[in-house]
Amino acid sequence: TYMESNGVKNEDQLKEKLKLTFAFEKAIKATVTEKDIKDHYKPKLQVSHILVKDEKTAKEIKEKLNSG
Numbered sequence: 002t003y004m005e006s007n008g009v010k011n012e013d014q015l016k017e018k019l020k021l022t023f024a025f026e027k028a029i030k031a032t033v034t035e036k037d038i039k040d041h042y043k044p045k046l047q048v049s050h051i052l053v054k055d056e057k058t059a060k061e062i063k064e065k066l067n068s069g
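Residue numbers for the sequence shown follow this note's numbering, beginning at 2 and rising by one.
Hints are not guaranteed to be accurate.
Quick list of simulated restraints, FRET-style, between CB atoms [claimed, not checked]:
#, residue 1, residue 2, range
1, V48, T22, 42 to 48 angstroms
2, K43, N67, 57 to 63 angstroms
3, D37, G8, 32 to 38 angstroms
4, N11, A31, 43 to 49 angstroms
5, M4, K39, 40 to 46 angstroms
6, Q14, D40, 36 to 42 angstroms
7, E56, K30, 35 to 41 angstroms
8, L46, K10, 49 to 55 angstroms
9, G69, A28, 41 to 47 angstroms
Straight line, CA to CA, 25 angstroms or less: simulated SDA-like cross-link-like pairs of lysine to any residue [what the hints assert, rightly or not]:
#, residue 1, residue 2
10, K18, K36
11, K43, T32
12, K43, K57
13, K43, A28
14, K16, A31
15, K20, Y3
16, K20, K36
These aren't lab readings, by the way, just hints derived from the structure by calculation.
Heads up, the beta-carbon is just placed ideally off N, CA and C, and yes, glycines get one too.
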């Protein structure tokens, strides 16, 4: 029988196998647009702003940050 040849032992396993098969077929047929891809992989930026009293201090801090 179909169940025996596909390693399905009972009706519950058969139902689960069919659900997975239909889900895979639906996923394969899905259309993914360029916009969908760009929206999904949009970079998420987190920025910080450090305020200091003068440009010299800012440059010193920047050097320290860049050097690790």
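Hint check results:
At roughly 46 angstroms, the beta-carbon separation of V48 and T22 lies within the given 42 to 48 angstroms, and the hint holds. As the Cβ distance of K43 to N67 is approximately 27 angstroms, the hint placing it in 57 to 63 angstroms is violated. At about 36 angstroms, the beta-carbon gap between D37 and G8 stays in the expected band of 32 to 38 angstroms. Take N11 and A31: their Cβ atoms lie about 31 angstroms apart, and the range 43 to 49 angstroms is violated.
Take M4 and K39: their Cβ atoms lie about 45 angstroms apart, and the range 40 to 46 angstroms holds. For Q14 paired with D40, a C-beta distance near 38 angstroms keeps the hint of 36 to 42 angstroms intact. At about 59 angstroms, the CB distance of E56 to K30 disagrees with the hint of 35 to 41 angstroms. The hinted range of 49 to 55 angstroms is satisfied by L46 and K10, whose Cβ atoms lie roughly 52 angstroms apart.
At about 44 angstroms, the CB distance of G69 to A28 agrees with the hint of 41 to 47 angstroms. A C-alpha spacing of about 33 angstroms is found between K18 and K36, which places the hinted pair above 25 angstroms, so the restraint is violated. Between K43 and T32, the direct Cα distance comes to roughly 19 angstroms. Compliance with the 25 angstroms bound is thereby established for this hinted pair. Taking the CA atoms of K43 and K57, the gap is about 35 angstroms. The hint is violated against a cut of 25 angstroms.
For the hint linking K43 to A28, the alpha-carbon distance of about 22 angstroms falls within 25 angstroms, and the restraint holds. With a C-alpha separation of about 23 angstroms, the suggested pair K16 and A31 falls inside the 25 angstroms cut-off, and the hint holds. Restraint check for K20 and Y3: satisfied, since their Cα atoms lie roughly 16 angstroms apart, inside the 25 angstroms limit. Between K20 and K36, the direct Cα distance comes to roughly 29 angstroms. Violation of the 25 angstroms bound is thereby established for this hinted pair.
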